[in-house]
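Heads up: the sequence lines are chains A and B, in that order.
0 is the number of the first residue of the first sequence in numbering that gives the first Met the number 0; add one for each residue after it.
0 is the number of the first residue of the second sequence in numbering that gives the first Met the number 0; add one for each residue after it.
For the record, the hints were derived by calculation from the structure and aren't laboratory data.
Accuracy of the hints is not assured; some may be wrong.
For identical chains, the list gives no copy identity; a pair is met inside one copy or between any two copies.
Lysine-lysine pairs mimicking DSS-like chemistry, simulated, CA-CA at most 30 Å apart [stated by the list, open to error]: (1) K306 / K276; (2) K317 / K281; (3) K23 / K352; (4) K321 / K334.
Number of protein chains: 2
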Amino acid sequence: MSATNMVPQEEIVQAEGLRTFCQKVFQKLGVPAEDAAITADVLVAANLRGVDSHGVARLRRYVNGIRDGMMIPTPETRIVCETPTTALIDAGAGLGQPVSYRAMQKAIKKALDMGAGFVTVRNSNHYGIAGYYAMMALEHDCIGISMTNAAVLVVPTFGRDAMLGTNPIAVAAPAGRERPFVLDMATSTVTRGKLEVYERLEKPLPLGWATDENGTPTTDASLVLENFRQRAGGGLLPLGGAGELMGGHKGYGLALLVDVLCAVLSGAAYADLVYPKTPDGKPLPSKIGHFFGALRVDAFRPVEEFKETMDDLQRRLKDAPKAEGQTRIYIHGEKEYEEAERRAREGIPLNPKVAADLRAIAEELEVEYDLE
Amino acid sequence: MSATNMVPQEEIVQAEGLRTFCQKVFQKLGVPAEDAAITADVLVAANLRGVDSHGVARLRRYVNGIRDGMMIPTPETRIVCETPTTALIDAGAGLGQPVSYRAMQKAIKKALDMGAGFVTVRNSNHYGIAGYYAMMALEHDCIGISMTNAAVLVVPTFGRDAMLGTNPIAVAAPAGRERPFVLDMATSTVTRGKLEVYERLEKPLPLGWATDENGTPTTDASLVLENFRQRAGGGLLPLGGAGELMGGHKGYGLALLVDVLCAVLSGAAYADLVYPKTPDGKPLPSKIGHFFGALRVDAFRPVEEFKETMDDLQRRLKDAPKAEGQTRIYIHGEKEYEEAERRAREGIPLNPKVAADLRAIAEELEVEYDLE
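Turn these sequences into a full structure, and let the hints guide you.
Following this line, the structure appears as structure tokens:
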């Protein structure tokens, strides 16, 4: 958070103001108040949790997406199929967040009624951080699951071109005195945003993050990012890296699993069908899919027993001996909970470029920007 | 399959004979006929699919396990909790395979009735290949899920000692003309068996597979295996390797997720509680847990549409351009299906040591060994 004359100062803003601003922006673009509030909350939750790549830095993409007709502000959302434990929802090319919020609510309701609930969504758009929806299950003493497929950036094992998204998997499980377990992971080794950070710092990429246009691992972040822009081939590597030696086929398999549950099960787009464009290059609705699930803990075991056991498992891991040079073993979600508490207290630091972008959006849409 | 005078010849046996032999062995040890048949089928299925590490090479461990009282041949299996979509089963320290087979049947039945079914199992033992149970869902046009926790061999990110099993995740989804998608992966980079292969070949391990007793990545397979025997620290690394740079925390998170679903949700053992011993070193029941799930495809989308889409996704991946030097992109399960067809036709090659071990078991238990 330290600033010098060399580095433009970060702006510190409060979550509440940021949320209100985003909501107003969405409403100005024709998004109904409740949908705008949900979308704003998902974005700011990412900033609070320290996942700035998925926070308000993306507001511009949503603004442009709605303006370009890629995202419909008032979509016709439709339940295509429903049973007591399952549902398929067509999102009508609306924003990903409102439909995902309601799909997860539906999955939780089914889990509370029946023990298990699963809802898959098609014809949707980027939904923000996967973990947001998984975590909605926690207050209901359910285990929550959330996945989405995404724009194609990841090469399959032995492939040359990107055929899969970074396809994240999120699972949240409640605990007692300890924090909930919140796994929220892209199934690629890293995301595109990480390459952009390395490009800015002019650092070579570790081998195993990405490939060049021949499908060969490369250390050149600029090359990979330029190849994305040119659709020239290559891309991010699945978790486990290139080939099978370090388990790259496993990361590829997890990404493919996400496509099966989010797209094949729902009728959403997958592989090169995701993020289509018109012949003259105008973006069309991304038609991506999501998958949400909830399991009610006490449909298996009393909640108190489950939570005590979660605490014990976490304590055993945290108290275990550390590798040489290390001082701490983390549980998934722990860093993000700590960051969220800190940022709720001290505010959210906005990158100067992001802050400038928000101001530009405010000006364009004539929405008040008053976050200081 | 080529043999020279230098290398002891592999024995080629037929699946049917191997299955019958294993069944007889289990029955001789007091396992009821049906349970023996299930267990034999799971073991031989591993050999057919080319996963020899989980096939009859493990028969000795089961024989000793039953003899030592670690596995109960006639367990009192008990349904602890059941709802229309969920169940918790106590396996009574029996063999892992029969209870897992029936737990998966139950999950499938619930999915056929209700759309989704999930069954968790505690107080169980090693259940063989995870994929076997996930694949049981395929003929019912369900998506199948199978996970198990296991003996502690994997170090958490930044940890020194093994605190997690190789905790596999298997998911199977049906297809139409193409083969089903069958992901069956340990959440560690590699399994212990792979280290044993490298030790035999005196090959250095790739960095990222395992750590020494200080938690530092090592290339020395013998050291890691000896440390396992001495419980001296170190172990296998999660998928993604050491630290967070290559995503090791993701593999660790997946392993922990498996513990949550298999052990915390069921009341099974986890972390250092798995595979307990008496004060004088005698093995006690492992008390591990499993998790099974099934989702009925047509509770979301017509089966034919789903299968056509699975086929299309697979074809797009397989037909995609290959990385330089590569000729084929695989779908998960494809290699194993091809191997199973070949071995069903040409027989299963048994490593001479394994064949000798089976003969020794036959002699000890006075069971006929007639597989040639």
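Hints, verified against the model:
Within a single copy, K306 and K276 get their C-alpha atoms only as close as 48 Å, which misses the 30 Å cut-off; across copies the closest is 26 Å, which meets it. Within a single copy, K317 and K281 get their C-alpha atoms only as close as 50 Å, which misses the 30 Å cut-off; across copies the closest is 28 Å, which meets it. Taking identical chains as interchangeable, the C-alpha atoms of K23 and K352 lie at most 30 Å apart only when both belong to the same chain, with a minimum of 21 Å there against 72 Å between chains. Within a single copy, K321 and K334 get their C-alpha atoms as close as 17 Å, which meets the 30 Å cut-off; across copies the closest is 38 Å, which misses it.
Figure legend: structure checked against the earlier numbered hints; every hint is met.
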